[in-house]
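Visitor: Using the sequences and the hints, build the whole thing.
Chains as they are written, first to last, in numbering that gives the first Met the number 0: chain X, 0 to 196; chain Z, 0 to 205.
Source of the hints: derived by calculation from the structure; they are not laboratory data. Please read these numbers as outputs of a predicted model, since none were measured by experiment. Ideal Cβ placement from N, Cα and C applies to all residues, glycine included. Treat each hint with caution, since some may be false.
[Stated by the list, open to error] Listed next, the in silico BS3-like pairs over lysine-lysine satisfying Cα-Cα at most 27 Å (straight line): (1) Z:161 x X:11; (2) Z:121 x X:27; (3) X:27 x Z:143; (4) Z:143 x X:167; (5) X:11 x Z:143; (6) X:61 x Z:143.
[What the hints assert, rightly or not] Per the computed footprint, the stretches of chain X lying under chain Z, defined by three or more beta-carbons under 8 Å from a beta-carbon of chain Z, are: (7) 72-84; (8) 91-99; (9) 129-143; (10) 177-191.
Residues per chain, in single letters:
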Amino acid sequence: MAKNSARDIEVKAFATHQVITQPNPLRKVLRRVEDKDLSEKDLDDPVARAEQALAGLSGEFKDWMADEVNRLSTAYGAIRNDGFTKDRRDELFRAAHDIKGDAATFGFPVAAEIAESLCRVIEHAPDFEKVPAELFTHHINAILAIVHDNTRLDSLTVSSELSRRLRKVADEYLAHVNRDRPEHLEAVLAPSIAPLE
Amino acid sequence: MGRGNPSLTPGTIWLTKIDRFGPGAMFRIDFNKLRFLVCDDNPHMRRILRTLLHSFGAREVYEAEDGATALEMYSHYVPDIVITDWAMPIFDGLELAQMIRQPESKGNPYAPIIMLTGHSEKRRVTVARDAGVTEFLAKPISAKGLYQRILNVVANPRPFIKTKTYFGPDRRRNTNSAYMGPERRVGEKHEVLQQPSLLDKARSSI
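Guide: Okay, structure coming up:
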């Protein structure tokens, strides 16, 4: 789709800023639908279709989740065996962060919660090397156990309780080590915008 | 530039009302005319996004696994909408947004950018907004949430604001007559579209 040419762009200059307007460059993809002549095509629901397609992928989710936890395990193993570097720390964070974002989609919502707790430890601990190793291993082992034991939506009680306790321990640790770092403490204590509906 | 609030027709979110075209005027998006650029380092998430976009009807979906490749593809393919992850190695989604939002660049600095991320903290939403991100969608992804963000950028684009420190879509989605704090901008009043704040929208998957 062609973008607007420079002559279509209107710039209003104010004392401290400019307001730039242009005709909606995507207007051509909006198709008017008249009430009286709604066709079958117009009543087709693309969201339902997409949800169905996503469900069609679900047979692969367990393998995908196994890939994600292997990546997490490998990232932590690299730190434990070869020592801490910023790159290794970043890889551990990204691996945990991906699980936080993806695991619920793959059918492992509690693994996502535990990964979120792990992300917070990695992000807000002032000195990564001083974080008790058990805090990492308990989080990672819990995620591994949930995924390998296939603890899916139908058997959440134990894993949910485990997640709740891990989060509590992690939050207490972060509140303690950030007691003199108000900016981090505020971020640690701030409510998450998740969970989503 | 569009004016007026698109509102969803109850029960049929694929149809949207846009009041500026007259009462009750309903529209749907022809996805097959849209070109998407998806940037995520995680191949599983790229697969999910591709599946959702194709199911919506999109034909042209280009994929990049890092920000640098995405920037190159952005210049080459000139996508209509960019959907990017935040956390990626070397060149992340935030930097990608900042590179796209260069007002003097030869490319198109105005394309809508949807940030799809596992970050779910309020301050992250603010940082993304200040980098020029148009919409924010917290993972886990849902078909409905993604569709809504696309619908909003297509049906209800916002003006762009350029200041000494910011270039991107208008960050004010609400007018608040009771607001008493310092103003980021001064000058005559201008119309501001009524929309939920980026944070409120990020809190909800719809």
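Visitor: When the structure is checked against the list of hints, which entries are broken? Sort them ascending.
Guide: Violated: hints 2, 4, 5, 7, 9.
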